[in-house]
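Now for the letters of each chain:
There are 2 protein chains.
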Amino acid sequence: MAETTGEATAGPMNGAESLVRTLVAGGVEVCFTNPGTSEMHFVAALDRVEGMRCVLCLFEGGATGAADGYARMADKPASTLLHLGPGLANGLANLHNARRARTPLVNIVGEHATYHREYDAPLTSDIETLARPMSAWVRTGMSAAEIGRDGADAIAAARTAPGRIATLILPANTAWEAGEGVAPVPPIPERERAGDEAVAAAARALASGEPVLLHLGDQAVRGPGRVIADRIAAKTGAKLLAMTSNSRIDRGAGTVPIERLPYPIDEAIAALKGFRHIVLIGATQPVGFFAYPGKPSLLAPEGCETLTLATPAQDQLDALERLAEAVNAPPARAPETGPLAEIPTSGPLDQDTIGAVIGALIPEGAVICDESLTTGRNFFALTKASAPHTWLQLTGGSIGLGIPMSTGAAVASPGRKVINLQADGSGLYTVQALWTQARERLDVVTIVWSNRAYAILRGELANVGARNPGPKAIGMLSLDDPAMDWVSLARGFGVDGRRVETLPAFTDALRHGVATPGPFLIEVVL
Amino acid sequence: MAETTGEATAGPMNGAESLVRTLVAGGVEVCFTNPGTSEMHFVAALDRVEGMRCVLCLFEGGATGAADGYARMADKPASTLLHLGPGLANGLANLHNARRARTPLVNIVGEHATYHREYDAPLTSDIETLARPMSAWVRTGMSAAEIGRDGADAIAAARTAPGRIATLILPANTAWEAGEGVAPVPPIPERERAGDEAVAAAARALASGEPVLLHLGDQAVRGPGRVIADRIAAKTGAKLLAMTSNSRIDRGAGTVPIERLPYPIDEAIAALKGFRHIVLIGATQPVGFFAYPGKPSLLAPEGCETLTLATPAQDQLDALERLAEAVNAPPARAPETGPLAEIPTSGPLDQDTIGAVIGALIPEGAVICDESLTTGRNFFALTKASAPHTWLQLTGGSIGLGIPMSTGAAVASPGRKVINLQADGSGLYTVQALWTQARERLDVVTIVWSNRAYAILRGELANVGARNPGPKAIGMLSLDDPAMDWVSLARGFGVDGRRVETLPAFTDALRHGVATPGPFLIEVVL
Numbered sequence: 001m002a003e004t005t006g007e008a009t010a011g012p013m014n015g016a017e018s019l020v021r022t023l024v025a026g027g028v029e030v031c032f033t034n035p036g037t038s039e040m041h042f043v044a045a046l047d048r049v050e051g052m053r054c055v056l057c058l059f060e061g062g063a064t065g066a067a068d069g070y071a072r073m074a075d076k077p078a079s080t081l082l083h084l085g086p087g088l089a090n091g092l093a094n095l096h097n098a099r100r101a102r103t104p105l106v107n108i109v110g111e112h113a114t115y116h117r118e119y120d121a122p123l124t125s126d127i128e129t130l131a132r133p134m135s136a137w138v139r140t141g142m143s144a145a146e147i148g149r150d151g152a153d154a155i156a157a158a159r160t161a162p163g164r165i166a167t168l169i170l171p172a173n174t175a176w177e178a179g180e181g182v183a184p185v186p187p188i189p190e191r192e193r194a195g196d197e198a199v200a201a202a203a204r205a206l207a208s209g210e211p212v213l214l215h216l217g218d219q220a221v222r223g224p225g226r227v228i229a230d231r232i233a234a235k236t237g238a239k240l241l242a243m244t245s246n247s248r249i250d251r252g253a254g255t256v257p258i259e260r261l262p263y264p265i266d267e268a269i270a271a272l273k274g275f276r277h278i279v280l281i282g283a284t285q286p287v288g289f290f291a292y293p294g295k296p297s298l299l300a301p302e303g304c305e306t307l308t309l310a311t312p313a314q315d316q317l318d319a320l321e322r323l324a325e326a327v328n329a330p331p332a333r334a335p336e337t338g339p340l341a342e343i344p345t346s347g348p349l350d351q352d353t354i355g356a357v358i359g360a361l362i363p364e365g366a367v368i369c370d371e372s373l374t375t376g377r378n379f380f381a382l383t384k385a386s387a388p389h390t391w392l393q394l395t396g397g398s399i400g401l402g403i404p405m406s407t408g409a410a411v412a413s414p415g416r417k418v419i420n421l422q423a424d425g426s427g428l429y430t431v432q433a434l435w436t437q438a439r440e441r442l443d444v445v446t447i448v449w450s451n452r453a454y455a456i457l458r459g460e461l462a463n464v465g466a467r468n469p470g471p472k473a474i475g476m477l478s479l480d481d482p483a484m485d486w487v488s489l490a491r492g493f494g495v496d497g498r499r500v501e502t503l504p505a506f507t508d509a510l511r512h513g514v515a516t517p518g519p520f521l522i523e524v525v526l
Numbered sequence: 001m002a003e004t005t006g007e008a009t010a011g012p013m014n015g016a017e018s019l020v021r022t023l024v025a026g027g028v029e030v031c032f033t034n035p036g037t038s039e040m041h042f043v044a045a046l047d048r049v050e051g052m053r054c055v056l057c058l059f060e061g062g063a064t065g066a067a068d069g070y071a072r073m074a075d076k077p078a079s080t081l082l083h084l085g086p087g088l089a090n091g092l093a094n095l096h097n098a099r100r101a102r103t104p105l106v107n108i109v110g111e112h113a114t115y116h117r118e119y120d121a122p123l124t125s126d127i128e129t130l131a132r133p134m135s136a137w138v139r140t141g142m143s144a145a146e147i148g149r150d151g152a153d154a155i156a157a158a159r160t161a162p163g164r165i166a167t168l169i170l171p172a173n174t175a176w177e178a179g180e181g182v183a184p185v186p187p188i189p190e191r192e193r194a195g196d197e198a199v200a201a202a203a204r205a206l207a208s209g210e211p212v213l214l215h216l217g218d219q220a221v222r223g224p225g226r227v228i229a230d231r232i233a234a235k236t237g238a239k240l241l242a243m244t245s246n247s248r249i250d251r252g253a254g255t256v257p258i259e260r261l262p263y264p265i266d267e268a269i270a271a272l273k274g275f276r277h278i279v280l281i282g283a284t285q286p287v288g289f290f291a292y293p294g295k296p297s298l299l300a301p302e303g304c305e306t307l308t309l310a311t312p313a314q315d316q317l318d319a320l321e322r323l324a325e326a327v328n329a330p331p332a333r334a335p336e337t338g339p340l341a342e343i344p345t346s347g348p349l350d351q352d353t354i355g356a357v358i359g360a361l362i363p364e365g366a367v368i369c370d371e372s373l374t375t376g377r378n379f380f381a382l383t384k385a386s387a388p389h390t391w392l393q394l395t396g397g398s399i400g401l402g403i404p405m406s407t408g409a410a411v412a413s414p415g416r417k418v419i420n421l422q423a424d425g426s427g428l429y430t431v432q433a434l435w436t437q438a439r440e441r442l443d444v445v446t447i448v449w450s451n452r453a454y455a456i457l458r459g460e461l462a463n464v465g466a467r468n469p470g471p472k473a474i475g476m477l478s479l480d481d482p483a484m485d486w487v488s489l490a491r492g493f494g495v496d497g498r499r500v501e502t503l504p505a506f507t508d509a510l511r512h513g514v515a516t517p518g519p520f521l522i523e524v525v526l
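For the record, the sequence lines run as chains H and R.
Taking the working numbering, the leading residue of the first sequence gets 1, the next gets one more, and so forth.
Taking the working numbering, the leading residue of the second sequence gets 1, the next gets one more, and so forth.
It is worth saying that the hints were derived from the structure and are not from the lab.
Small disclaimer: the values here were computed from a predicted structure and weren't measured.
Please note that a few of the clues may not be correct.
[To be verified] Where chain R lies over chain H, by a calculated footprint (3+ residues, C-beta under 8 angstroms):
| # | region |
| --- | --- |
| 1 | 114-121 |
| 2 | 368-378 |
[What the hints assert, rightly or not] Once the Cα atoms are required to be at most 35 angstroms apart in a straight line, the calculated DSBU-like pairs of lysine-lysine come out as:
| # | chain 1 | residue 1 | chain 2 | residue 2 |
| --- | --- | --- | --- | --- |
| 3 | H | K239 | H | K273 |
| 4 | H | K472 | R | K472 |
| 5 | R | K76 | R | K295 |
| 6 | R | K472 | H | K76 |
| 7 | H | K235 | H | K273 |
| 8 | R | K273 | R | K235 |
No residue lacks a Cβ here, since even glycine has one placed at the ideal position from N, Cα and C.
Using the sequences and the hints given, assemble the complete structure.
This is the structure:
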């Protein structure tokens, strides 16, 4: 039974400390954690290293979703600290969303000591295989001496355009044995420039006299890219359209307004009808979110040409500038977002009145996290003239992002109010993240649209041709027996809340939430 | 842009219905679901097929954990219905536990239509790769005509000894296109018999006059196996010891008592000290739950021989009978569980007094789900003379099983009271499962040990040699800022609850919970 058993290093820096110092030196300053035994040396190292803010999460989906929200606002990666295969597994759904958002993110996943894995202890699993589907870069640390360099490589992988998920697996003995100090982050490649032929082809399409859509995603849709795209539109008559789901859009009064490709497939097909050329700029080609019987997967109309001006990994602002020059676009014009609607003081509590209230009360600099799904389909249009703000969306369709994402966005954005527009069924996946908001005193207002159903699925049941659903099927889409009490849930996690059932009550609650520091939850009974 | 787009079948039975009918015909009568768009035809089929009970869960970890608890009690698989890769990912942590419990389980994971996958729609991911680490059998359905047979194969895979996780991926068009009716389940192999040499070797060890440990797991530890093992012990002086974590033990007054290998590594090493032979019967060799610096991975003492009488996949009862015959064991003796302690009426609320109250109040036929971790280390010993009951444990170390497992156990065990002994930090991972208990009116009493910490990690921090933890490290193990209010959380999910801080209040609350139908939660503030 001879075996190697590592000894904890008594020296000045073990592998864990070398890794934490490397992360901090590489600009990773926040760690969203849910640690276990195998990560205890990493946790202990946090007290010996200045500069890493640790944010405890009650569930790993909260940690990964928060890291996504953080990076979208901070424009640099956070780290997560997760406990072996199951801990990583719990975080995968929001890593899926982060991957679709092209968010830079560094996961540190604890693992058994290298010499312990062969004994198949109960928590053993194949972590690398679990990590791969949601990660662009996966590595298992082999020694404490190299773990700092592994961390530096992970940062470089995460920061490589357009932003990637890097997962570093940290065997316990590579944390507790002697490390070798801080490793420098390797050079991060510049974004590739779009080819001249891509610019020329887009210019030809714009010169054809036929209807052209500039389809924007990633960098191109954020803010500055829209200004250039709008100059091109002013010259050529092209239309701008954002993807259905976007990582980040900086918008509101004084910015170039943009609509998004609708989620419902029939509306999406209608929105693309008549275009002869679709130019992709940081966007991917429009496809159905799901397949539906008798409906196409590719949404562009028959005979429409789809061109790529710049991929998400390429420099989209540069490509837009070159296209603007090629078409001889004029200088930027004043954006027309139209007037902001007045706050409605009477009437029903519906999507339009709610959207108008939100539109009027969004404070300048707010960060809106949008997981409102069916309830919120009008909200984007109704807020286009609001005070300047940032809009973050669910990008990968894996529900349960809103509460974690708003948590991470708030960590990244002190002084900015975060408002999370939250569908109820989705919010229940990761409701534990409310506790982290209370623990960290984060300025997040969570507005829960309490329709007590998986409402989106009621529409989808018909869309996929499942006719005449019976009581069992309807039951599987209903959350009303018993109805959740969101104010109790919030209180259970230490967050103050209020239930509203009328328009004036909603307006009053939102005013209160916006004006009051710390987390607050509003349950809107629909 | 030509492409195949499936048409929903208008015929009498589509693929989804063929699959549901095959599951029911194969004895799979419960489906723990959290469906999405791609699973709508499966959901719709539930109304056309008698015999499948659908239990809606708010989060997929609730569904997989419930399926584990169900199968442990029903001795046959339940199915789950999960939504694409992220839905499966959310269920993986409790699938890990189920895999370690050797639980038979059939996952149905929805997927995009076969022809839609190449377009990389937002919810697309590599589901097969995600499934493999926790599944013994993975298949993606290729056509509606074959999906019934795929389901039958999944059942056979799940039921093959010792019990396995089977994951069938269901592309949406294999659900909505024309199916081919009910497929019969292929023959399920009998459990293999242990070899004669294994029996002879164990008999030689028992005849050696040296100390022998019969280490029991799986079938061997449940109930009937312990009777045979005790006959062998009566003849040979061998000691019986269960694994640290066990799928199911039927125990209490009138049954053969058994201790478990302790979790803390020093205690585990001490428990095995002095043995010269360890005979594994449905158990795996004792290994450290984690690696610790300077401590061994294999826990058996130097020079101790480890023999396998029967693997978990083999027929352990047959092997025990043959060993009993080989050593000429006497008939079964009356088990000695000793007297049941009186209910303490005064004194502090601590592990010993709480254990005594639970021991006295466990009703006959109760199912105890044990995720009590640090708080509950005495509970097993203090309940050995309780009314006959069943004990289910966290087997894979992936915390967040208790509330889901108790939910599934209750679905499988009408008329039996389920009592879930729940550590607070662990319970927060999957707290949403309380709602399913309310929705299904399940007889579950959840007792939350509210120590407001990841208490197990405080011990582990020292065990792994992380000396002098600072405030950041301690903070990462603390759940007291803010303290969770479990009664509010339960109320939020529609479950009645009570907070107790004294021994009489705890006794009164447990009496109430045991006597009252439906779910009830007791928060014990420690």
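Hint by hint, here is what the structure shows:
{"no.": "1", "hint": "114-121", "result": "holds (count 5)"}
{"no.": "2", "hint": "368-378", "result": "violated (count 0)"}
{"no.": "3", "hint": "H:K239 - H:K273", "result": "holds, 12 angstroms"}
{"no.": "4", "hint": "H:K472 - R:K472", "result": "violated, 49 angstroms"}
{"no.": "5", "hint": "R:K76 - R:K295", "result": "violated, 40 angstroms"}
{"no.": "6", "hint": "R:K472 - H:K76", "result": "holds, 23 angstroms"}
{"no.": "7", "hint": "H:K235 - H:K273", "result": "holds, 22 angstroms"}
{"no.": "8", "hint": "R:K273 - R:K235", "result": "holds, 22 angstroms"}
Comparing the model with each earlier hint shows violations of hints 2, 4 and 5; every other hint is respected.
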